[in-house]
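Line by line, the protein sequences are chains A and B.
Quick note on numbering: numbering that gives the first Met the number 0 labels position 547 of the first sequence as 546, and the sequence is numbered without any gaps.
Quick note on numbering: numbering that gives the first Met the number 0 labels position 207 of the second sequence as 206, and the sequence is numbered without any gaps.
Don't take every hint at face value.
Listing some non-contacts, in silico: residues in chain B with all C-beta distances to chain A over 10 angstroms [what the hints assert, rightly or not]:
| no. | residue |
| --- | --- |
| 1 | S35 |
| 2 | G64 |
| 3 | V89 |
| 4 | E101 |
| 5 | T181 |
Derived, one-sided and incomplete: chain A residues facing chain B with beta-carbon distance under 10 angstroms [as the list claims (entries may be wrong)]:
| no. | residue |
| --- | --- |
| 6 | R124 |
| 7 | L223 |
| 8 | L251 |
Simulated from the structure, these hints should not be mistaken for laboratory data.
Each residue gets a CB set at the ideal place from its N, CA and C atoms; glycine is no exception.
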Amino acid sequence: MFRRILLVSALLCALGMLTFAPLQADDGHSHTLSVAWPYQVPPTGHFNTFASGGIALGQYMDLHEPPLAVLMWATGQYQGMVAEEFGWDDDGNYVIKVVDGYSWSDGSPISADDVMATFNIFRLRGDAVWANMTGIEKVDDHTVKFHMSAPSSLAERIILTTNLRPASVFGDIADRAAMMSPDDDGWNGLLQELTEFRPESPVSGGPYTILPDTITEASLMLELNPGGFAGDIQNYDMVQMWNGETEVVTPLVANAELHYITHGIPPTTEEDFANRGIDIVRSGMNNGPGLYVNHDVYPLNLVEVRQAIAHAVDRVQNGFVSLGESGVAVEYMTGMSDGLSEAWLSDDTLDMLNTYDYNPDGAAALLESVGFSRNDDGHWVDDNGDTLSFELTFPQEYADWSAAAENATAQLNDFGFDITARGVQFQQHPQDIYSSNFEMAIRNWGLGDPIPGRSYLQAYNRYNGQGEAAGEGGGAGMNFDNNISFSGGDINVFDVSNASSQGTDSMAQAELVTHLAVSYNELLPAIPLWERYTNNALNRNFINVPDSSDSVYANFGGGADNWMTTLILTGVTAPADM
Amino acid sequence: MLQDQSHIDSTSQPMETSAAGLVDRLTTSLPKIYRSYTVRVFLQAIITIWAVMSLTFVLVRLMPGNPVDVLIEQILTAEGISYQEAYDRVAASFNIDKDATELDQYFQWMGDLLRLDLGTSITSPGTKVIDEIARFLPWTVFAVGTGLLISFVLGIIAGMPMAYYRGSKLDHILSFFSSFSTGVPNYIWGLLIIIVPGIAWRWFDIGALRGTYDVGLTPGLNAAFILSALEHAALPVFTYVIAILGTWMLSMKSSTTGVLNEDYVNVAEARGLKERTVIRSYVGRNAALPLFTQLTISIGFVLSSGVVVEEIFVYWGIGHLLFQSITVRDYTSLQGVVLLLTAAIVFSNLFADLTYGLLDPRVRVSGEK
Chain A
0 MFRRILLVSA
10 LLCALGMLTF
20 APLQADDGHS
30 HTLSVAWPYQ
40 VPPTGHFNTF
50 ASGGIALGQY
60 MDLHEPPLAV
70 LMWATGQYQG
80 MVAEEFGWDD
90 DGNYVIKVVD
100 GYSWSDGSPI
110 SADDVMATFN
120 IFRLRGDAVW
130 ANMTGIEKVD
140 DHTVKFHMSA
150 PSSLAERIIL
160 TTNLRPASVF
170 GDIADRAAMM
180 SPDDDGWNGL
190 LQELTEFRPE
200 SPVSGGPYTI
210 LPDTITEASL
220 MLELNPGGFA
230 GDIQNYDMVQ
240 MWNGETEVVT
250 PLVANAELHY
260 ITHGIPPTTE
270 EDFANRGIDI
280 VRSGMNNGPG
290 LYVNHDVYPL
300 NLVEVRQAIA
310 HAVDRVQNGF
320 VSLGESGVAV
330 EYMTGMSDGL
340 SEAWLSDDTL
350 DMLNTYDYNP
360 DGAAALLESV
370 GFSRNDDGHW
380 VDDNGDTLSF
390 ELTFPQEYAD
400 WSAAAENATA
410 QLNDFGFDIT
420 ARGVQFQQHP
430 QDIYSSNFEM
440 AIRNWGLGDP
450 IPGRSYLQAY
460 NRYNGQGEAA
470 GEGGGAGMNF
480 DNNISFSGGD
490 INVFDVSNAS
500 SQGTDSMAQA
510 ELVTHLAVSY
520 NELLPAIPLW
530 ERYTNNALNR
540 NFINVPDSSD
550 SVYANFGGGA
560 DNWMTTLILT
570 GVTAPADM
Chain B
0 MLQDQSHIDS
10 TSQPMETSAA
20 GLVDRLTTSL
30 PKIYRSYTVR
40 VFLQAIITIW
50 AVMSLTFVLV
60 RLMPGNPVDV
70 LIEQILTAEG
80 ISYQEAYDRV
90 AASFNIDKDA
100 TELDQYFQWM
110 GDLLRLDLGT
120 SITSPGTKVI
130 DEIARFLPWT
140 VFAVGTGLLI
150 SFVLGIIAGM
160 PMAYYRGSKL
170 DHILSFFSSF
180 STGVPNYIWG
190 LLIIIVPGIA
200 WRWFDIGALR
210 GTYDVGLTPG
220 LNAAFILSAL
230 EHAALPVFTY
240 VIAILGTWML
250 SMKSSTTGVL
260 NEDYVNVAEA
270 RGLKERTVIR
280 SYVGRNAALP
290 LFTQLTISIG
300 FVLSSGVVVE
310 EIFVYWGIGH
320 LLFQSITVRD
330 YTSLQGVVLL
340 LTAAIVFSNL
350 FADLTYGLLD
360 PRVRVSGEK
């Protein structure tokens with residue numbers, strides 16, 4: 000018995016010592032950038048970034064597969080990256096010239112062939128960029144012409160923000176795709192070949208390249224790729240990419256093992272980080288939760304009722320209880336973010352907008368104007384004598400949207416509505432909206448995109464009339480009639496939304512955007528509550544980037560144009576001790 | 000011709016006799032085979048697995064969302080394109096067969112299973128599910144299995160004195176610890192280990208212990224890899240041990256208390272045998288016997304017991320694969336993992352059932368059972 004106790008104790012002690020000994024002492028490498036993004040390890044994860052399951056590191060993929068250009072949101076101007084020259088030619092085609100002198104990590108030069116390969120694969124996949132393109136032509140080793148059906152600032156954006164892939168890896172499939180049409184017998188087979196294609200190793204054209212042997216479920220390392228784009232101006236030798244979602248990376252940030260994350264963090268965590276001296280960087284994301292109503296449900300189809308709801312909810316309070324300082328109340332109520340409103344609308348237009356300030360008395364006046372009144376219980380009843388009683392659904396797994404729903408419900412009930420909030424599983428919730436199976440719901444307004452017309456497609460397209468496409472038996476979403484009348488005339492808001500991102504005449508686009516903004520402001524088809532701002536945790540004790548007043552932070556922290564990757568690609572981001 | 004015919008007849012006669020004999024033998028032996036307890040429970044196990052898998056096939060498709068919807072929602076939120084455009088792109092990315100009905104998928108999957116083919120992942124087209132399982136399974140078996148064995152041994156060792164000295168301070172202290180450790184779920188223990196010694200006391204670097212072994216090592220029978228694997232497994236194993244130790248302690252205490260009242264123990268003591276001999280040979284062995292069944296059944300649950308712990312420590316095993324498959328609605332991967340978990344539980348029960356009689360001479364499983 001004693002011998003057994005001794006053996007087991009020894010084993011436990013050994014495990015304990017292994018655990019609690021000073022582990023993985025710092026190797027003294029002071030030039031490793033420590034960031035995070037979730038990914039899957041092989042064999043599920045792989046190096047085919049065109050196929051599902053590929054190890055695509057979000058915005059950090061810019062460091063491995065560099066973009067052609069980055070939009071500087073503060074100025075509205077594109078800054079060339081791999082594309083050193085770009086623009087429309089006289090024939091309405093888009094021409095780009097790839098920068099000379101850089102190479103992929105397998106030694107092949109970055110050239111027009113890579114652009115051709117990338118966009119021919121997009122054609123094979125059926126990507127949206129080909130909706131405006133009729134063909135692609137290699138003009139010379141560094142120049143590519145995109146033949147367009149019509150000039151479009153949307154197409155320009157999609158082209159320029161594309162991450163370039165190597166022709167040395169994907170060229171074979173791309174060349175075969177270029178020779179075929181979707182009606183050919185071999186098209187689907189080639190598509191299957193693409194999705195099942197597994198490059199043996201990652202090939203980088205950016206400043207850093209993934210080291211396959213370092214990929215674990217904990218993290219992966221990217222090594223400096225000196226010959227790649229911007230590889231000659233880097234201040235780090237390595238980038239360590241920690242793996243995981245918010246709950247996984249939070250302890251690492253607290254322990255100062257991870258120095259920058261773009262993960263959305265709850266306000267309490269934010270406060271803890273701030274107490275540890277970690278900076279919180281906030282940039283507007285051009286979207287957030289809004290109150291959607293089913294326009295087939297009386298009296299939610301009355302504009303006065305929706306306007307009253309807007310006045311009855313204190314959006315400042317709603318935003319703060321939902322996401323702290325990163326829940327910023329929407330001011331202009333135009334269906335796009337306040338930042339886009341200020342960028343695209345004239346001062347006169349901004350002045351005439353109704354900002355729907357918190358005003359319960361004003362809300363009451365609006366309801367009374369359409370014959371509604373309060374009953375003895377203090378509840379509002381409509382002109383038919385029915386209580387304004389509705390169910391408000393929300394995706395229960397989204398903490399901030401859940402908080403927004405609960406708070407909006409409480410405020411509206413205080414005002415005299417009878418709202419019942421109900422959480423729905425987050426994957427089921429959008430299906431309910433597509434199929435019109437709701438009365439009121441919390442869904443997103445706006446889009447993380449600088450082109451304003453696209454923000455409106457959430458309300459006028461995604462949540463309006465997509466039921467049939469979504470396999471929901473022809474449900475019409477929120478049942479809003481896109482043919483509207485407003486103070487500026489009669490328009491189809493869906494058509495105008497699309498038209499506003501076509502062409503290259505920014506004045507003409509602004510006019511259409513103004514129609515969209517003013518009509519939205521008047522009709523409030525859905526009621527924006529607050530705009531989500533990033534709350535990126537940045538430990539400036541380890542990373543040296545410009546202070547928060549710099550205009551680069553207008554490039555919000557997710558997807559294309561990310562400010563951090565822009566600063567890395569331009570050689571600005573550096574260790575704090577440099 | 001006649002000769003030929005007679006030749007044929009003469010040669011076919013023994014064949015017919017032989018075939019008829021075979022049928023006779025089968026008709027007489029099949030019921031005997033079926034009456035065999037071992038064969039019967041094995042067949043029942045196979046049927047159970049088939050039933051669970053069929054039910055799983057239906058249930059996963061009844062869950063809200065599907066692999067296509069998950070990715071479509073991500074694209075719609077990020078890009079604002081139409082639903083149809085998003086669908087077409089996702090369909091191309093997954094290379095899914097839009098026309099295959101659920102029934103087609105079921106028979107296709109069952110047919111593949113009969114050929115021991117678990118299919119390919121939906122969300123990572125071209126990746127075999129069996130390869131995914133092979134990548135993650137060993138780490139779960141290692142960590143949870145080690146935790147189970149350590150806690151079992153410790154539980155037996157600690158449970159006996161609890162019974163011997165029941166009512167004493169030692170019993171009270173150990174009983175409190177047992178109840179407490181059993182009552183707190185393993186993921187809470189995991190979080191506590193990360194937060195208190197990891198973040199508050201900074202006894203170790205959290206990130207350095209993540210994963211299953213250090214970067215740059217080659218898996219194999221070399222000291223560096225083994226030490227690294229042990230180091231990375233230490234926190235999950237410790238969590239499993241602390242979370243299930245109390246169960247074994249209380250079970251052993253209960254079992255020992257029962258054995259202590261047996262006549263043969265009193266006789267052994269009356270014969271003047273040394274206390275150590277009585278404890279080891281008379282009490283310990285007999286008290287531990289019922290726990291053996293519990294242990295073999297627990298082995299079946301090994302694979303499914305670490306889902307959240309594996310996520311907390313980023314020590315990815317089969318639990319992570321299950322979690323990930325559910326999250327992205329990867330039906331084929333999910334079905335593969337559930338098949339594995341089901342088979343492990345069913346066969347461990349079967350194993351316990353069949354072997355208990357071998358260990359305990361008092362219990363013999365007969366064909367008449």
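Verification of the hints:
no. : hint : verdict
1   : S35  : holds (39 angstroms)
2   : G64  : violated (3 angstroms)
3   : V89  : violated (8 angstroms)
4   : E101 : holds (13 angstroms)
5   : T181 : holds (19 angstroms)
6   : R124 : holds (5 angstroms)
7   : L223 : violated (17 angstroms)
8   : L251 : holds (5 angstroms)
Going through the hint list in order, the structure does not satisfy hints 2, 3 and 7.
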